[in-house]
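Trainee: Once you've looked at the hints, dock chain B with the ligands against the given chain A.
Protein chains in written order, with this note's numbering: chain A, 2 to 503; chain B, 90 to 338.
You may find that some hints are simply not true.
Only part of the chain B face toward chain A is listed, based on derived beta-carbon distances under 10 Å [what the hints assert, rightly or not]:
{"hint": "1", "residue": "Arg-134"}
{"hint": "2", "residue": "Ser-150"}
{"hint": "3", "residue": "Leu-151"}
{"hint": "4", "residue": "Asn-196"}
{"hint": "5", "residue": "Arg-220"}
{"hint": "6", "residue": "Ala-237"}
{"hint": "7", "residue": "Ser-301"}
{"hint": "8", "residue": "Pro-313"}
{"hint": "9", "residue": "Thr-314"}
{"hint": "10", "residue": "Arg-315"}
{"hint": "11", "residue": "Asn-316"}
Some residues of chain A that are not near chain B, with every Cβ distance over 10 Å (derived) [to be verified]:
{"hint": "12", "residue": "Tyr-13"}
{"hint": "13", "residue": "Pro-43"}
{"hint": "14", "residue": "Gly-44"}
{"hint": "15", "residue": "Val-76"}
{"hint": "16", "residue": "Pro-205"}
{"hint": "17", "residue": "Glu-212"}
{"hint": "18", "residue": "Lys-219"}
{"hint": "19", "residue": "Lys-233"}
{"hint": "20", "residue": "Lys-308"}
{"hint": "21", "residue": "Ile-354"}
{"hint": "22", "residue": "Asp-362"}
{"hint": "23", "residue": "Ala-365"}
{"hint": "24", "residue": "Asp-409"}
Dumping the calculated DMTMM-like pairs for lysine to aspartate or glutamate here, alpha-carbon to alpha-carbon at most 20 Å [what the hints assert, rightly or not]:
{"hint": "25", "chain 1": "B", "residue 1": "Lys-156", "chain 2": "A", "residue 2": "Asp-83"}
{"hint": "26", "chain 1": "A", "residue 1": "Lys-356", "chain 2": "A", "residue 2": "Asp-367"}
{"hint": "27", "chain 1": "B", "residue 1": "Lys-333", "chain 2": "A", "residue 2": "Glu-60"}
{"hint": "28", "chain 1": "A", "residue 1": "Lys-192", "chain 2": "A", "residue 2": "Glu-38"}
Keep in mind that the hints were calculated from the coordinates and are not lab data.
C-beta: ideal position from N, C-alpha, C; glycine also.
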Amino acid sequence: MADFETPEIKEYPVIPRLKPDVMSHSKPFVAKEQFQEPLGFPGELVDNWQDKAIEKMGELQGKYRSLQVFLDICVKCGACTDKCHYYLGTTDPKNMPVARQDLFRQVYRRYFTFAGKFFGKLGMPGFVGARELDKEVLDDWYSYFHQCSQCRRCSVYCPYGIDTAEISMAAREVLDAVGVGQKYCNEIIGKVFKIGNNLGLPEPALADTLEGLEEEVKDDTGIDVKYPLDVKGAEVLLVTPSADFFAEPHVDGLIGYGKVFHEAGISWTVSSYASEAANFGMFIGSYENMRRVSMRIREAALELGVKRIIFGECGHAWRVAYSFLNTLAGPFDFLDPRYPVPQHICEFTYDLIQKGALKFDKSANDHRVMTYHDSCNVARASRMGPMPGGQFKIPREIIKATCNHFYDMPADTIHEGTYCCGGGGGLLTDDLMELRVKGAMPRMQALKHVVDNYGVTHMAAICAICKSQFSKVMPYYGFTMDQIVSVHQLVSDAIVMTNNEV
Amino acid sequence: MHIAFGIMFYIAGLLLVIGLIVKIKQYASTPAPLKIPTTPAPVTRTGVVWRMFTEIVFFNSLWKSNKWIWIFGWLFHFALLLAFFRHLRYAIDPAGMFGFLWPLVNNWAVQTAGKYAGWMMLIGLLGLFARRIVVDRVRYISSPSDFAILLLIIGIALTGVLMSFVAHTDIVQLKEFTIGLLTFNWQPMPTDGLLITHLALVLILMVIFPVSKLLHAPGIFFSPTRNQVDNPREQRHIADWARKLESSN
Ligand code: SF4
Ligand code: SF4
Numbered sequence: 002m003a004d005f006e007t008p009e010i011k012e013y014p015v016i017p018r019l020k021p022d023v024m025s026h027s028k029p030f031v032a033k034e035q036f037q038e039p040l041g042f043p044g045e046l047v048d049n050w051q052d053k054a055i056e057k058m059g060e061l062q063g064k065y066r067s068l069q070v071f072l073d074i075c076v077k078c079g080a081c082t083d084k085c086h087y088y089l090g091t092t093d094p095k096n097m098p099v100a101r102q103d104l105f106r107q108v109y110r111r112y113f114t115f116a117g118k119f120f121g122k123l124g125m126p127g128f129v130g131a132r133e134l135d136k137e138v139l140d141d142w143y144s145y146f147h148q149c150s151q152c153r154r155c156s157v158y159c160p161y162g163i164d165t166a167e168i169s170m171a172a173r174e175v176l177d178a179v180g181v182g183q184k185y186c187n188e189i190i191g192k193v194f195k196i197g198n199n200l201g202l203p204e205p206a207l208a209d210t211l212e213g214l215e216e217e218v219k220d221d222t223g224i225d226v227k228y229p230l231d232v233k234g235a236e237v238l239l240v241t242p243s244a245d246f247f248a249e250p251h252v253d254g255l256i257g258y259g260k261v262f263h264e265a266g267i268s269w270t271v272s273s274y275a276s277e278a279a280n281f282g283m284f285i286g287s288y289e290n291m292r293r294v295s296m297r298i299r300e301a302a303l304e305l306g307v308k309r310i311i312f313g314e315c316g317h318a319w320r321v322a323y324s325f326l327n328t329l330a331g332p333f334d335f336l337d338p339r340y341p342v343p344q345h346i347c348e349f350t351y352d353l354i355q356k357g358a359l360k361f362d363k364s365a366n367d368h369r370v371m372t373y374h375d376s377c378n379v380a381r382a383s384r385m386g387p388m389p390g391g392q393f394k395i396p397r398e399i400i401k402a403t404c405n406h407f408y409d410m411p412a413d414t415i416h417e418g419t420y421c422c423g424g425g426g427g428l429l430t431d432d433l434m435e436l437r438v439k440g441a442m443p444r445m446q447a448l449k450h451v452v453d454n455y456g457v458t459h460m461a462a463i464c465a466i467c468k469s470q471f472s473k474v475m476p477y478y479g480f481t482m483d484q485i486v487s488v489h490q491l492v493s494d495a496i497v498m499t500n501n502e503v
Numbered sequence: 090m091h092i093a094f095g096i097m098f099y100i101a102g103l104l105l106v107i108g109l110i111v112k113i114k115q116y117a118s119t120p121a122p123l124k125i126p127t128t129p130a131p132v133t134r135t136g137v138v139w140r141m142f143t144e145i146v147f148f149n150s151l152w153k154s155n156k157w158i159w160i161f162g163w164l165f166h167f168a169l170l171l172a173f174f175r176h177l178r179y180a181i182d183p184a185g186m187f188g189f190l191w192p193l194v195n196n197w198a199v200q201t202a203g204k205y206a207g208w209m210m211l212i213g214l215l216g217l218f219a220r221r222i223v224v225d226r227v228r229y230i231s232s233p234s235d236f237a238i239l240l241l242i243i244g245i246a247l248t249g250v251l252m253s254f255v256a257h258t259d260i261v262q263l264k265e266f267t268i269g270l271l272t273f274n275w276q277p278m279p280t281d282g283l284l285i286t287h288l289a290l291v292l293i294l295m296v297i298f299p300v301s302k303l304l305h306a307p308g309i310f311f312s313p314t315r316n317q318v319d320n321p322r323e324q325r326h327i328a329d330w331a332r333k334l335e336s337s338n
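Just chain B, same shape as in the assembly:
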């Protein structure tokens, strides 16, 4: 069992990393031939950094746009961050290389916040799911995969919450398993149904990440309407393929 999971984690991890590298390279190497920031836009680099910060941390544009999506979406993403920190507990070996991080993760605040974040996440996700069904406009633009991805993450959150609040898994053994994975020293894993489901769903999520709309995570950093400086008159902006047109006539 743990060997099968171990192998699958390596494969999924590899697909995730390679997939992301391929996509990020593609985004980075595709030219943006024209200045198209949505104005009013910052006129300096620093201003752009601030704009991106407000978008990524506060979902600024979404706030202007739709308060319901903002609440559900932001709850979910913030909870995701908290849950991530909580999970670091299973990946950091206090005696290992990153042991110095251990106190930052293994404390009451991070662990409690992460624990209740599961609920926050579920509220956010169920809200988004409900909108897909109830609001006719959102229902119209949803394809089955949009529901499927939501269900997948709901499944992950739900099994996580159940493990935190209802049926605990063997945390000590789980940690040995994950550290073992990270250090290529395979160890047995707990075999309760909740954990197995939780991990299996995470595997699926890792694999579909680079081939689905989940690419919005790296993609937003490359969105020209948000990351460009508004200075076309001051600085000539030209792409390589466009420059070639200039020499041709």
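Just chain A, with the same shape it has in the complex:
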């Protein structure tokens, strides 16, 4: 089915030998003018792109301390070299985090540091790891900065916390500025500006879908669970990834959220204007675009007069929501101050479980032996609950409250050491299929371990990208696409519906 080989899963994880440039052909489609222009980027490679790129680099170094510091302080110790799932899956050395950074750093060194300028003049910039910005470098940037899912695993293991994601974001921003944007991300951001969500689902389609869900749940349970859209005065605005509206297994999660709200007796609504939790502005490193996308949520909350904002299951979205929303679109002083802004649906459900407000029949999930995939951006770029590490505990507690059988994957592949699904950071596109399959290898290996040892049948996740990615790549590794489930799908299947008043 494909013109590449699925990596073999070895019995034990091994650090592969380097195979230079085996992934240099991997490049996502370049955005055409029509997708660049709405975001304020040039439509094609500009004439004086070298100058422009260097100018943009200088601007970004002045705006982001992370970038400036990280470019200076890497000591090339090599601790991060075996930490990236794309390196482990592809064996291409430029997918080692530090080597990926160096694609950017070599240019930084050449044009912005004394050492690079000095040895550059001597005609030996390579002595200090500096290099002229030429077309080959630009091509490498386009290729390898689109082989980073901005998952931050490297940052956990670097002695200085150097986060390659920060460099990838900056590089993509420079690429956009000179006119070589990535089609997938930029087209999607354009859709959000125009329609309100990544999938381009307009209001009538949303209304239809939600109505369909109400009927489905009624048929299943006999209970009138509401899936409201644009209801003014609702208590909660639910912002969820648009994949939740129709893709499998996402939609089963959405059904679950509705049941939880119903049981809690709390009124809620989706907004057609801000019908998207994901914020692809982060993937392209663009503060301005990220802010524009975020502002829609603020505007929707004001317009609908809600008191709380709750986010559905989504990984990178939760990073932007938890870590950045207050910065980008705050302050949220018009919301109920008793609740954090925003809240995660898992925090909400977990609170109810702790209060004893939800009843479960765990046996409904007895046909499943569960494991849990920590989504990278939830694990390493956000939190849930009041305690550090709540992002690991809360989803697991929900699974344990709703399922009888749960086993964790090996310790170095979960929690802060979790492997990305292989499709994050704006790479969930069919033109990067080879990369996605190969990048999933470390996670698949860990999954296979618990499948073989504990008879695990299903893996739960709380990220729309993870769910889409896994349902697509799991078959390459001998699993089936329905082995990935939403956490709130488990909630949905086990919840005992008692409250029939709406």
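Mentor: Coordinates of chain B with the ligands only, in the frame set by chain A:
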């Protein structure tokens, strides 16, 4: 000879201090517009201080990451600290302004530890050097300057160890020279090859410090993934340039 060295030390010292001030000012004044601590992260300032402490003293993240690099790297840096204390002996005048520090430095424990630290340092450095050659991943990411910096420090450590264990230099005269430098009252220096090499290499190290990856020393304190408090929901965090966007629309 001692005049040339004296002048070079002043120049190198000046470059080092000015270079560091420029870089530290740059790091401090560049905004960090978003909250990006690598989580799980402390939720209080005190927690962050503790996190930084474990990173700087124990190389906590490196420990999680790679035990070989940790052992070699930590040995080297710890030995550097011990050697530093030993060297204070040459810079403190018992009768001078910092004379009260003298007993803290001039004692058996500090001096012996500092003496053997030279070996520790060499073991660490040679281990790191070997990794650069033997491990294909590390070899791939190394540029010539990475080897050069290691060799430079190996040279400093080696000449130091040789002076401690094989061919002593004239310590009394050396001390007169260094105190003279510090008090602007130049004195002659010993002229044996080991000492001259040792000092010359140190001069180079001082000069390249602020223009090389050695900036990791001050830089780590400014790393946002490590030094930020995880409290974005509780406290709005916004940079000046980002605030300007707010007033523009
Ligand atoms: S772990 Fe950090 S310092 Fe070491 S090579 Fe990687 S990015 Fe550089
Ligand atoms: S952020 Fe993730 S994908 Fe990117 S280099 Fe680091 S480990 Fe690899």
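Trainee: Can you list which hints this structure breaks, lowest number first?
Mentor: Result: hints 1, 4, 15 and 26 break, sorted rising.
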